[in-house]
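Enquirer: Hints in hand, dock the two standalone chains.
Residues per chain are reported as follows:
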Amino acid sequence: MIVQLKLLEELIEIADIDHRTLRGIFDILGLEVKSIETTEQNIQFKIELLANRGDHFSHLGIARELAAYLGRQLKPLNYGKLPEKNNKLSIKVDLESRLCLRVNLLELELNNFKLPDKIARFLPADEIGKRPPIVDLLNYLQLEIGQPMHAFDIDKLQGCLRFVELEKATEIKALDGKTYVVPAGALVQRDQKEIVGIAGVIGCANSACDHKTTRVLIEAALFDPISIRKTARAMGISTDASFLFERGGDFENQLLALGRVTHEIDIQLGKAAKDTLSNRKLFSYEDKPTEKREVAISPAYIKHQLNLPSIDTADLIKRLTAIGFKISAKETANTEQEIIFEVPSWRLWDISRKQDLLEEYTRVLGLDKVPSKLPPLSYNSPPPNKTLEIQESLENLLVNRGFIEVVTKSFYSSNEVDLLAKLSGDSKGQHIQITNSIESAYSHLKITNALHLAHLAARNRRMGLTSVKAFEFCKLFNRKFKDRDQQFEEDFLSIIFCGRWHTGLWKKPPSREETLGAFAGLLKDIRASLKAKDFKLSQAEYPLLHPGIQAGIDFGGGISGYFGLLHPKINSFVGINEDLFYFEGSLKALVNSPKKEKNLKSSDFPAIWRDLTLRLDKRQFAESAINIMREAAASHLQEIQILDDFTKDGEDFRRVSYRLFFESMERTLENSEVDDQISKILKTLENKANLKLAS
Amino acid sequence: MALGDNFLEKIEKEAKQLQALTDDLLLESRQKWLGKDGIIKSLFAELKTISPEKKPLFAARLNNLKEFCEGLFAASDQKLEELKIAKSLANEFIDPSAGLLAAGIGRISPITYLERKINQILKPFGFEVISGPEIESQYYCFDSLNIPPHHPARDMQDTFYVEGGYVLRTHTTSIQARIFHQAQQKKDRSLPIKIVTPGKAYRNEKEDANHQAMFHQYELVWLDHDLTLAELHGLIEHILKNLFGKERKVRFVQKFYPYTEPSIGAQINCNLCSGTGCIFCDNCGWVTVGGAGMIHPKVLIEFGFDPEKVSGMAFGLGSSRLAAQFAGIQKLKPLYEGDLRILGEV
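In order, the protein sequence lines correspond to chains A and B.
Each residue of the first sequence is one higher than the one before, starting from 1 at the first, in this note's numbering.
Each residue of the second sequence is one higher than the one before, starting from 1 at the first, in this note's numbering.
Keep in mind that the hints were calculated from the coordinates and are not lab data.
No experiment lies behind these values; they were computed from the predicted model shown.
We put the beta carbon where it would ideally sit given N, CA and C, even for glycine.
Any given hint might turn out to be false.
[Said to hold, decoys possible] Computed beta-carbon distance windows for the label pairs:
no., chain 1, residue 1, chain 2, residue 2, range
1, A, GLU165, B, GLN182, 39 to 45 Å
2, A, PRO547, B, SER190, 36 to 42 Å
3, B, ILE342, A, LYS373, 36 to 42 Å
4, A, GLU439, B, ILE342, 22 to 28 Å
5, A, GLY575, B, GLN120, 38 to 44 Å
6, B, GLY277, A, PRO547, 43 to 49 Å
[Unchecked claim] Straight-line C-alpha distance at most 25 Å; calculated SDA-like pairs for lysine to any residue:
no., chain 1, residue 1, chain 2, residue 2
7, B, LYS117, A, LEU388
8, B, LYS309, A, ASN380
9, B, LYS249, A, ASN380
10, A, LYS34, B, PRO334
11, B, LYS298, A, LEU388
12, B, LYS84, B, LEU72
Just chain B, same shape as in the assembly (with noise of 0.2 Å):
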């Protein structure tokens, strides 16, 4: 091949025939016009065998032809890749809604998250979150919280005795009973002592839909210099309005606790019926979320503290039953029964 002006201009003509193909065509001569031996590699080659007063004019028209070579393929290029993905596009299809595989999301019991709750709604006063032991000592589950043997409140918590004379803990009231107990041992009588105690409470009695062997309290214990009635009022009120939203209404009635003295048990109107009264009430359109009540002087002259100088308050919520209105559950056993479908949805 002789690089001339004519033959030049034949390569040139040849070149803007390529815009009449195909993209398929145009695809099958790439090689041939800018492959390793195509027609433009070639053609530089040639520019050696050109006269130096020819060389530039020749070469700016090869460079002119390579650029418009290599324009119209990458034109055709992406056009193709365009085809392809379209391709693809309108073939491909996987149906996302047949494969769900979720993890999926767990939840905490709705004791726990009740239980986490208050404990946050109790932070700004300063309560410390305490634990202590379900098989317990008859000291501290009854007679060091002025019950002793044959008192009748003990028809009220019929116990599980274990053996060696323990006891399966009737309420968490013991572990104020263990905290009192290590004070006075530590002859540490700094006040105020607040402490919150979550946890397992047992009961010797058959089962119902209501009336659980186990279940939950949550307590709160508040030793000071002139607590008040009308504080522990205003305390459990702050928590159940906190809890259950400032329209729902909280009311007091008496009741008969024998560490406490006076003695007051909580109650809210119930959500299931809106007060009218339904089954899980009792009809009465209010149920009892908790007993309270100022600490008995007995039991304080028991661990140490004057009655006269040192007052104390203890709340105990019926964490299970107040889990399950809060849960919209209407019976107590969903809760200890582990049924997924129900604790996956609350």
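Isolated chain A (complex conformation) (with noise of 0.2 Å):
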């Protein structure tokens, strides 16, 4: 809302405080100012409004406001006769809805009526006299005091003005020159012929005044605001009117409104307008009388809720006054005890309670006055919350490696959904979808974090980085986790890295293999970290990945992440020509990753070890051999650590070597047993995976 610093001087004394001290009570009131504009005639406030109060988008909203809060009185506002409540308009007027709260109608006759220059210098300099005065007289009055009002010409309207609910959706001409689409159910005016109104939210064409009318049909009205917001939103349109009929008018604000128009014309037509005074008809109703709610409040209990000394009771029914609230006639006789507040009209939306009206005495008293007050401490520790725990441990581990942690949106574009089900081979059934979203690189959820560390990884290269090192830890959205754990997400363990380990560009970088060996042990701290029991590593066929350089992850329970190098249309689709290596792995599975028993013993023997060199294919993972010696051998199995892993020219298997240690506990280990041991253990690499000594 526009707040015009002069047109509030109209209804409050302020010109002694300067717009800065303004704008800062304005902010403490909760009427935000996004922005200040100064003109040599007038000063506005660009203020963004509460979204309960309706009352706040008027002028008088504002000095009510202020009023309470300075200490000082309103300025009176002067309101013309209204004749009597009638019903006899020259057209008959059907009520046929209960979204109808109050409905008044006021038939007058122009008579010449011209835009007073005192009003129409709070209006838009370039709109003055493209509409007609009643309009513009109108508007300004709802900037004044949050009454919107609607101008029918009389002579357009064909018989009758029904208010009544749309049966089907119609498309209408409006006053603005557009077409919209009403919906069904949606409140309008219309007479024996069409529709000529959209009650609350903007009128027609077909029943606009111009500059010939003569005779206007001046409805002030309150709507359901439930069916005005709906309407709105169907129609795609936010009027003034629609704006203050959402958050809930003043039921007792049109008569009152009416009032100020007839004062307005009959000030600037003088004489003129006596002469019609005759014509003047009111039609007036209401859905039911307005309620006299009360709301109580004790001293007590704001001095307990505000730590204040003590309270001023006097200040307190000062500022509530002024801000609308009367004393009830219930007024209890010991006012230290309880006060019984009257409710304003305009209040009726949202104040029921005694915390309600100890939030708007605390507004208008000011909240800087408020003196704090620590609440206890606790000497009862929470549980502890393992999975934080846990992601703590692996952010310092991560850091401490030379990875930066970085946030990316949860979102994708049905490009990269597409990218994604090309590479899996399978439809795009496990991408969740968003139904509604205004950024087309949001319609989807991210079911792996792949495409957006790439991007990450793509975007800082570019920018000269010489190694991109970074992880996240966020939820992936997939629609088979819902089957497992009654939600749509997983929060998961992502890491990047491309470019050099160590930064610099001296010399030339590490070999893939030397990297990928790199990356692979940073795994095995991660797991040494979480003091996980178990760390395997196998074979995967994860689509994301290069086929031939991935492996899947076994915490100890099942494959639960995978790592390698993406793969090379992920390259492609980010824009970069080099090796990323990626790892996701489910936060779940390292949590509760079976954890190693504690075992503080050393040996005083010596251990002894042997090497092997096995033949393996070249797509075999080293790690398999490992596994099955770790199966086959007795508990003096201490360590298998790989020694080599190459290949002669010519040959078309690998030659990988492992150097076995063995250890007692209570004993020096005699050759012949370790022997007997590696037989057993050859024996059982031949028999399960067909693994022999190279020779």
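Expert: As structure tokens, this is what we get:
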């Protein structure tokens, strides 16, 4: 809303307050100033209003708040006389909907009414004269006292004016010259022939006043807020009237507003107005009398809530009265115990209990007057959050290895979904779609973080970084998760690396094998940091990774993550021509991984080791032999390390050398028994995986 | 060779002459004198030819000779070693400034840093850290929080709808609703309930440098007997002063949130412009960092708590905005763009 300082000054004396101070007061009152525009004639504040305060959508509403905060009086407004409520207009009025809460219709002759200059100065200069003066007057009065009003050219109405709910969606041409589709169920005004207005939203062109209009029917009404909101949203329009009605208008403002209309017209027309007075007619309807709602509050409650040394009851009453509350006739004898306030007609939408009154008083008192008080400390520690603890430990590990935590968006575009569907050979069935995104890039929720981190790596490399080491903890969304956990989402850790493991461009970068090894080593460190019992790498077919450079990771509860080189098609998609190493693993699996038993004993006896070189297929995992060796060996086998991995010229297999360490806690092992173990291991390797010693 | 007085004397004289040799020449003579078949060893072998009465004297002279030679050669060896080291020191040079290969130290994101810091600040109050789903039911996100369908408040948080009528949570307050609901289902009315819920929230809006469709919130909920608005002020002030320093100013302004009554907004003076006004603070010198309030009686009733006996306070920090302030970043966008040059520095 645009608040004009000059118009505000018509309603309350604030000339002594500079606009910067005034801005501060607006902020405290919840009237957030977004910008200030200063011209020679005026200062305008662009204010974001609170969503529940229809009464703020007028200068009078703002002036009331200032009056209460500053302890000042409002300047009185002048109202003209209205005719008796005889309900006999020139046309028949039918109210056929319960969505009409108040309807007041004033029929009057304009008699060459011209917009007074004192009002014209508050309207946009480039719009003066474009609309008939009566329309400008009504617009001004909404700015002033917050009552939307609409003027029909009564001579354009055919026979009657009916307030009805629309049976089916209908196209109309509105006052703004645009065509809209009004939804079924919308409250509209119509005459015998057609729709002449969308109640509380906008009038139709067919009944609009023009410069030739001599007789008008001015509507000052109050409509059901939800109905107005639904209609305006369906039509894709927000007018000043709909904005106010959606937030709830004043139940008793309509006749006052019409009084302001007649006052301004009579003042401007002077003697000429008298000739038309007898032709003025008034229709007035209310669905039920305005509720007299009373809410009680005790000063003791306020004192306690606000930690004030005492409450000045007179000040409390004065401030609440300034914003429209009245002391109830049922006032208790002892105001120290409880005061009963009658809620003003414009606040019946949101004031119903003592907490509401507390908020009112606190606001107009000034929140800066509330002394802070620290709540009591607790001697009971909350239960630990295991996931958070693991996450923190992994963060430390990754940060200490040069990785930077990033936060990427949870969304995908359709293009990205297409790529992933193509790579995985699946339909798009697992992707969760957002049905109403206004950003085309946000049509789906991400099922993997690979694309986001690949984009990030490509972008950072393009910006000249020699190394991209990034990680993220985030949710991934997948329809299949719902089957497992009743939720569409699960927490994952994803890591990406490209460039040089160490910073600097000095000499040649590490080979792909070395980098992959370093990356796998990082995952091994993660196992160590988790104290997980197991860490197995096995061959996998994760479609987003290079089919020949990837592994599934098992921290003890089955494969819960994948790592390797991202698929070259992803590289092409994000526009980077270098290796992107990627890991994605379920955080839940990491948290729940079976933990290694503590073994703080060390042997006093020497270890014996044996080296074996096995023949492995070119695409066979060295780790697979380790797993078999572990299964085959007795408990004395303490550790297996890979010594070498090489291929001789002309050989179509790899030679992988392992060193096996044997050690006993009780005695020095005999060579012969270690040799027996080795024989057993070799036999098992051959039987289970056809793995033999390389000659 | 016959070991006699004259011969030994001659050898001793020759040994003395060794002192005049250079270290290089001396090194060449080492084998001759101290080698396996050297002079000293040969002389000792000849001792057996000496008569028993002369033997001790000869042996003593031989030992002196041996000691003299060993000392002489040892000193020479040391000199040579020093020379060798000096030579290598003079010749060898590697420029360490040309080969920096640091593994680097990473960073957690400013948002995570902030969340961890607030967790620490709140630890003495006994808050439990809870997370919840980002795809949420409309009941937990809106209806249970006093935001019925078509409520204007839903204007503030235009919502992403996903299939099945679910929404992307517009605030982490939905976790609060879940916790209350769990308590209700277990018929567990034990108080206090103290939780914090850091996490992502979503708004279906056009993005710009300061408005993101995905952002972070940090919410705090405390349900107990007899909590007050003044205590809420106190707690928020405690958090913000601990985060930003005692010298930063904190103020409260009126706000509207359907799930709290009264509702307030917490602001700190803008550190980018020191309160004089800049683009980040909309030229007002203050930055809103969060919304707060006393939990609305309707919300308490929804979950079976009696608002006359139970009160609650809630505080939601816009952790993205706060993290940006904290890190000295002018706009929110860099937090979500993954520019490692910035994130690695903050």
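Enquirer: Please go over all the hints and tell whether each is borne out by the structure.
Expert: Right, here's what the structure says about each hint:
1. Range check, A/GLU165 to B/GLN182: Cβ separation about 42 Å, and the 39 to 45 Å hint holds.
2. Take A/PRO547 and B/SER190: their Cβ atoms lie about 55 Å apart, and the range 36 to 42 Å is violated.
3. Hint check: B/ILE342 to A/LYS373, Cβ distance near 39 Å, so the stated range 36 to 42 Å holds.
4. In this structure, A/GLU439 and B/ILE342 meet the distance hint of 22 to 28 Å, their C-beta atoms being roughly 23 Å apart.
5. Between A/GLY575 and B/GLN120, the C-beta spacing of about 41 Å keeps the proposed range 38 to 44 Å intact.
6. B/GLY277 and A/PRO547 have their C-beta atoms about 58 Å apart, which leaves the hinted 43 to 49 Å range violated.
7. Among the hinted pairs, B/LYS117 with A/LEU388 is consistent with the structure: their alpha-carbon atoms are about 13 Å apart, no more than 25 Å.
8. For the hint linking B/LYS309 to A/ASN380, the alpha-carbon distance of about 22 Å falls within 25 Å, and the restraint holds.
9. For the proposed pair B/LYS249 and A/ASN380, the alpha carbon gap of about 31 Å is over 25 Å, so the pair is violated.
10. At most 25 Å may separate the alpha-carbon atoms for a hinted pair to count; A/LYS34 and B/PRO334 meet this at roughly 23 Å.
11. Of the supplied pair hints, the one linking B/LYS298 and A/LEU388 is violated, its CA atoms being roughly 32 Å apart against a limit of 25 Å.
12. Taking the CA atoms of B/LYS84 and B/LEU72, the gap is about 18 Å. The hint holds against a cut of 25 Å.
In summary, the numbered hints that this structure violates are 2, 6, 9 and 11.
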